[in-house]
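Student: Spelled out from the first residue to the last, the chains are:
2 protein chains.
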Amino acid sequence: MPCHGRAMSSHSVDDGVSHERFGLRAGERAIDPPPPTDAGLVFIGRIRTPWATRSACPKRGSLDGPVCTLEIDPRWEAALTGIEAHAKLQVLYWMHEARRDLVLQNPGHAGTLVGTFALRSPVRPNPIASSVVVLEAREGVKLRVRGLDCLDGTPLVDLKPAPGEG
Amino acid sequence: MPCHGRAMSSHSVDDGVSHERFGLRAGERAIDPPPPTDAGLVFIGRIRTPWATRSACPKRGSLDGPVCTLEIDPRWEAALTGIEAHAKLQVLYWMHEARRDLVLQNPGHAGTLVGTFALRSPVRPNPIASSVVVLEAREGVKLRVRGLDCLDGTPLVDLKPAPGEG
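Chains as they are written, first to last, in our numbering: chain A, 8 to 173; chain B, 8 to 173.
Just to be clear, a hint being listed does not mean it is correct.
Copies of the same chain are indistinguishable here, so a pair counts whether it falls within one copy or spans any two.
Claimed, not checked - Only pairs whose alpha carbons sit at most 20 Å apart, straight line, appear in this in silico SDA-like list of lysine to any residue:
hint	residue 1	residue 2
1	K149	G122
2	K95	G122
3	K66	N113
4	K66	G171
5	K66	P170
6	K95	S138
7	K149	F50
8	K66	P168
9	K95	V121
10	K95	R55
Since the hints were made in silico from the structure, they are not lab data.
Sequences and hints are given; from them, build the entire structure.
Tutor: Set out below in structure tokens:
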């Protein structure tokens, strides 16, 4: 999964012309999405990674990749009780730089248009990524993990034992 | 994963007494969480399952369990293009009946207090569940799937090829 993808854009068009200047590739289609007010998220921390720009991010996280840090907001410290018992964690995070209005995407490698829900692209109505990571160490509210591919500073949404771990 | 868990409560306490009447079990701790205004979600559809109450839900979804239906809002129909190519999908959904303020939980089976992030409990700051399902069939904006354990009517947040599928 590439991290975050494309520049943010508040523009959504489906007029068949001039998409390039709004960051759309050939054939891609945007809609005018409803306001994202059905539920609200609280960020529980931030992710620290070695990658400061989207182009620097690896295409896909690797469990033997570099150590990254999940910095949990101290108000949630008690919620980490017992987390060391789990070798692998599932991390949900918010791809804050991704646009949310595309329904058809041109991922390039396939040479065809693919629906947003048939891709793990960061560009989606609710830009939530899910990654499984290896927990290397806990230091207070900081968790050292391997397996991420996201931008430094990415907001953290949730953290739980990986499926089969809990 | 049980579905949704407990009754909704807007009360959060950490006074060491009278927790039972707010739905807390022995030793559980709630905090006063910040308002969930860091990011907003748009529900992309609803999940139809055979389970109308929390007590009727299975403890954990099974890939050979009953067929459930993901009903996608028609505005996103184009985003389903090509989804039939994937045998397994990852589904993110919103556990709308779960309280969000517990940091320490007493899951009962363990007999000890466990932090919220060390559990896959529905009770968590951002009550987002992640399940992998088998795609049985697509009928327009309806996807027939197996592997869920959630309440009928559960709001759908995201849908993507399962890890390793896409």
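Student: If you check each hint against the structure, which ones fail?
Tutor: none
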